[in-house]
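Visitor: Make a model of the complete structure from these sequences and hints.
In order, the protein sequence lines correspond to chains A and B.
Going by my numbering, the first residue of the first sequence is number 19, and it counts up by one from there.
Going by my numbering, the first residue of the second sequence is number 279, and it counts up by one from there.
These are computed hints drawn from the structure, not numbers from a lab.
No experiment lies behind these values; they were computed from the predicted model shown.
Note that beta-carbon positions come from the ideal geometry of N, C-alpha and C, so glycine has one too.
Among these hints, one or two may not hold up.
Claimed, not checked - Now the stretches of chain B that chain A is said to cover, found in silico as 3 or more residues with beta-carbon under 8 Å:
hint, region
1, 295–302
2, 386–392
Said to hold, decoys possible - Each computed DSSO-like pair below joins lysine-lysine, with the alpha-carbon atoms no more than 30 Å apart:
hint, chain 1, residue 1, chain 2, residue 2
3, A, K35, B, K318
4, B, K297, B, K318
5, B, K314, A, K74
Said to hold, decoys possible - Here are some, though not all, of the chain A residues that point toward chain B, as calculated from beta-carbon distances under 7 Å:
hint, residue
6, Y51
7, S60
8, L64
9, S102
10, F106
11, F120
12, G123
13, Q127
14, L130
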Amino acid sequence: ELKVEQNPLFLSMQEGKNYTIYCNYSTTSDRLYWYRQDPGKSLESLFVLLSNGAVKQEGRLMASLDTKARLSTLHITAAVHDLSATYFCAVDPTGTASKLTFGTGTRLQVTL
Amino acid sequence: DTEVTQTPKHLVMGMTNKKSLKCEQHMGHRAMYWYKQKAKKPPELMFVYSYEKLSINESVPSRFSPECPNSSLLNLHLHALQPEDSALYLCASSQPFRDSLDYGYTFGSGTRLTVV
Chain A
19 ELKVEQNPLF LSMQEGKNYT IYCNYSTTSD RLYWYRQDPG KSLESLFVLL SNGAVKQEGR
79 LMASLDTKAR LSTLHITAAV HDLSATYFCA VDPTGTASKL TFGTGTRLQV TL
Chain B
279 DTEVTQTPKH LVMGMTNKKS LKCEQHMGHR AMYWYKQKAK KPPELMFVYS YEKLSINESV
339 PSRFSPECPN SSLLNLHLHA LQPEDSALYL CASSQPFRDS LDYGYTFGSG TRLTVV
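Guide: Listed below in structure tokens is the structure:
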């Protein structure tokens, strides 16, 4: 059974600080997705990582993928309050873009 | 149009009621999905339709019945639900094949379902 684990599950950080969220998965997959979810809202696509070594950046967020280690990271640079949300990674184990298995989620709280 | 539209946004239903959730997309995506999300948990896949045909059913109880009338519409028919079925139901769409232009999945805003 595919397992997708994130750590930490909860992260409280001050504005201006840097931190990294980790996503480990248990089966081979060469694509990985990151989503953001605000409370009571839907999922917003952040990054689609399609190959080993892929790195993408958008604003204060940068995501990377190491398929050999089955690890993806989401790095937050100089956090701001607006980044407070829950972040999910998701893996497509079928390799056919037909099914997503989500990680456990990381709830990020950025304090002033 | 880059949206997935879900209706209704909120639904309260009794255990003997029959209701339907609706999802519509006009992005030309040929795969559509239903996910269920309980509070503080990740979304869990329920059904996948690919080219209007049911391709994946994740052992969902028969009180949930999906329907894909055409490539733009996806319904979820609900009957005799239990209180534990209360959750956020998310619809999503994507292209159903491996593609270097894979932009991932687009999710709708969800239907918050409460079963009383």
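Visitor: Next, verify each hint and record whether it holds.
Guide: Hint by hint, here is what the structure shows:
| no. | hint | result |
| --- | --- | --- |
| 1 | 295–302 | violated (count 0) |
| 2 | 386–392 | holds (count 4) |
| 3 | K35(A) - K318(B) | holds (25 Å) |
| 4 | K297(B) - K318(B) | holds (25 Å) |
| 5 | K314(B) - K74(A) | holds (29 Å) |
| 6 | Y51 | holds (5 Å) |
| 7 | S60 | holds (5 Å) |
| 8 | L64 | violated (9 Å) |
| 9 | S102 | violated (15 Å) |
| 10 | F106 | holds (6 Å) |
| 11 | F120 | holds (4 Å) |
| 12 | G123 | holds (5 Å) |
| 13 | Q127 | violated (14 Å) |
| 14 | L130 | violated (24 Å) |
When the structure is compared with the earlier hints, violations turn up for hints 1, 8, 9, 13 and 14 and for no others.
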